[in-house]
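**Student:** Keeping the supplied structure of chain A fixed, place chain B upon it in accordance with the hints.
Spelled out, the chains give:
2 protein chains.
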Amino acid sequence: MDRCGRLEDIPLFEDLESEQLQDLAQILKKQNFTRGQRIFTEGDEGNGLYVVDLGQVKIFKISPAGKEQILHIFGPGNPFGEIAMFAGESFPASAEAFTDCQVLFFSRHGFLECVRKDPSLAFNMLAVLSRRLRKFAALIEDLSLKEVPGRLAAHLLYLSEKDGAGDKVKLEVSKGHLAALLGTIPETLSRILAKMNRQGLIEVNGSTILLLDPDGLEDLAEGEVKLT
Amino acid sequence: MDRCGRLEDIPLFEDLESEQLQDLAQILKKQNFTRGQRIFTEGDEGNGLYVVDLGQVKIFKISPAGKEQILHIFGPGNPFGEIAMFAGESFPASAEAFTDCQVLFFSRHGFLECVRKDPSLAFNMLAVLSRRLRKFAALIEDLSLKEVPGRLAAHLLYLSEKDGAGDKVKLEVSKGHLAALLGTIPETLSRILAKMNRQGLIEVNGSTILLLDPDGLEDLAEGEVKLT
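So the sequences go chain by chain: A and B.
256 is the number that my numbering gives the last residue of the first sequence; the numbers go up by one with no jumps.
256 is the number that my numbering gives the last residue of the second sequence; the numbers go up by one with no jumps.
Since the hints were derived computationally from the structure, they do not count as laboratory data.
Take these hints with a grain of salt, some might be off.
For identical chains, the list gives no copy identity; a pair is met inside one copy or between any two copies.
[Said to hold, decoys possible] Once the Cα atoms are required to be at most 30 Å apart in a straight line, the calculated DSBU-like pairs of lysine-lysine come out as:
(1) Lys57 <-> Lys145
(2) Lys95 <-> Lys174
(3) Lys198 <-> Lys163
(4) Lys163 <-> Lys254
(5) Lys223 <-> Lys174
(6) Lys57 <-> Lys203
(7) Lys254 <-> Lys174
(8) Lys174 <-> Lys196
(9) Lys254 <-> Lys89
(10) Lys203 <-> Lys174
(11) Lys95 <-> Lys254
(12) Lys198 <-> Lys223
(13) Lys223 <-> Lys163
(14) Lys95 <-> Lys163
(15) Lys58 <-> Lys203
This is chain A alone, in the form it adopts within the complex (with noise of 0.2 Å):
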């Protein structure tokens, strides 16, 4: 079975110098758990951090009609609880032993300390979810370069029809809703506008965007043209 090993090892403490890890040694408790044990449920505190060490964990709602639905299977490395505890809220799903596991615990508490200690702790954490952050932002980008922009001149090309509005078009929602149905993020679609714009496919003011090349959004919107 694989294993996650150090604290040094898991990807959430990669920045962390030995002092910090050592406090975190001081405060780190492995639990083990059997093949289908309950490790917490939903609406319990969020009154720690774990990271699954062996083994595997299953993070999984019931439905109101009784249904399981599971989230996530997270294996040797992986956080989890961690919104939850970070935040101070109530976990939001259960997490269950998905094989016979051990999981490193870091009570809330414990952990605030040693962020009192040493708040550059914090600061290596953040550090290293910035940087992810940015990488899948990227790959984000990369992924819907592809067909967002089709999606969008559809999109526009709805709206010119449905309103009767001609060539000028009014977005009525807010760029993350409209980022979240075209199936991208915010800033993917702040530079697909950008791009049309350029083009002179569109001509953006705000949240009023003037359909310059209606020809032009239904070649991309049909795939017969890629945005460059």
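**Tutor:** Then chain B, alone, in the frame of chain A:
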């Protein structure tokens, strides 16, 4: 021009409590730059976190040949310089006013003091970033599931032919590296491997993969079927 307005409207600070926002307001310095003016230069000490308040900021690098490469254009509410500041490293790129702009500056020193006083400030920011990472990972999975299974199938068939290995293929790169190669993240790659395993296309034993159904993999690689 857009404006990010109050501190609580900055996504990175959205979960902070009012007292924490007041602490940050104490250390905040507003800085104004005219279009084209340098904000910081690659290699400068990452002495603080910036947030665009008004206007736009360009993040760029200069190639060895002297060519400018724009990495990002950030608008109101976007933080920049935060990775270097959290990590206590020098800035990996330069920042310049892309339009006349106003930025909010929070020094690393001041920030550390705020966190020392109230560690949960850092925890609330960790919660925001963790939540965003989960959302991004789900989106990447969503986007990847369309094409990555086919690319992975093609890669497995290629390995099987290249090595004359028959139906027993050994992955000689890490899962992280293979994920990057296929344009996804390790979490999604693991799920795809598990799905292929469940469908009887392959059998995964650590880094050794048995190709149980080469014809099925062929169909997947050629886009004739989708992984469901």
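**Student:** Should Lys95 paired with Lys254 be assigned to within, between, both, or neither, using CA atoms and 30 Å as the limit?
**Tutor:** Between copies, since 26 Å is at most 30 Å while 43 Å is not.
**Student:** Measure nothing new, just compare the shortest in-copy and cross-copy C-alpha distances for Lys254 and Lys174 to 30 Å and report within, between, both or neither.
**Tutor:** Both: 8 Å inside a copy, 18 Å across copies.
**Student:** For the identical chains here, do Lys198 and Lys223 meet the 30 Å Cα criterion within one copy, between copies, both, or neither?
**Tutor:** Cα proximity of Lys198 and Lys223: one copy only (19 Å, versus 42 Å across).
**Student:** Should Lys254 paired with Lys89 be assigned to within, between, both, or neither, using CA atoms and 30 Å as the limit?
**Tutor:** Close across copies (27 Å), not inside one copy (41 Å); limit 30 Å.
**Student:** How would you label the pair Lys223, Lys163 (within, between, both, or neither) given a Cα cut-off of 30 Å?
**Tutor:** Both. Shortest intra-copy (21 Å) and inter-copy (25 Å) distances satisfy the 30 Å Cα cut-off.
**Student:** Taking 30 Å as the upper bound on the Cα-Cα distance, should Lys95 and Lys163 be classified as within, between, both, or neither?
**Tutor:** Classified as between; 23 Å across copies, 35 Å inside a copy.
**Student:** Since the copies are identical, ignore which copy is meant and state whether Lys203 and Lys174 lie within 30 Å (CA to CA) inside a copy, between copies, both or neither.
**Tutor:** So Lys203 and Lys174 pass the 30 Å test inside a copy (19 Å) and across (24 Å) alike.
**Student:** How would you classify Lys223 and Lys174 at a CA-CA limit of 30 Å: within, between, both, or neither?
**Tutor:** Both, since 14 Å and 25 Å are each at most 30 Å.
**Student:** Go through the copies and call it for Lys57 and Lys145: within, between, both or neither, with a Cα cutoff of 30 Å.
**Tutor:** both (20 Å within a copy, 26 Å between copies)
**Student:** Regarding Lys163 and Lys254, is the shortest C-alpha distance of 30 Å or less found within a copy, between copies, in both, or in neither?
**Tutor:** both (24 Å within a copy, 27 Å between copies)
**Student:** At most 30 Å between C-alpha atoms: does Lys95 with Lys174 qualify within a copy, between copies, both, or neither?
**Tutor:** For Lys95 and Lys174, the Cα distance is within 30 Å only across copies (27 Å; inside one copy 36 Å).
**Student:** Between the shortest in-copy and the shortest cross-copy C-alpha distance, which are at most 30 Å for Lys58 and Lys203: within, between, both, or neither?
**Tutor:** between (44 Å within a copy, 26 Å between copies)
In summary, the structure agrees with every hint in the numbered list given earlier.
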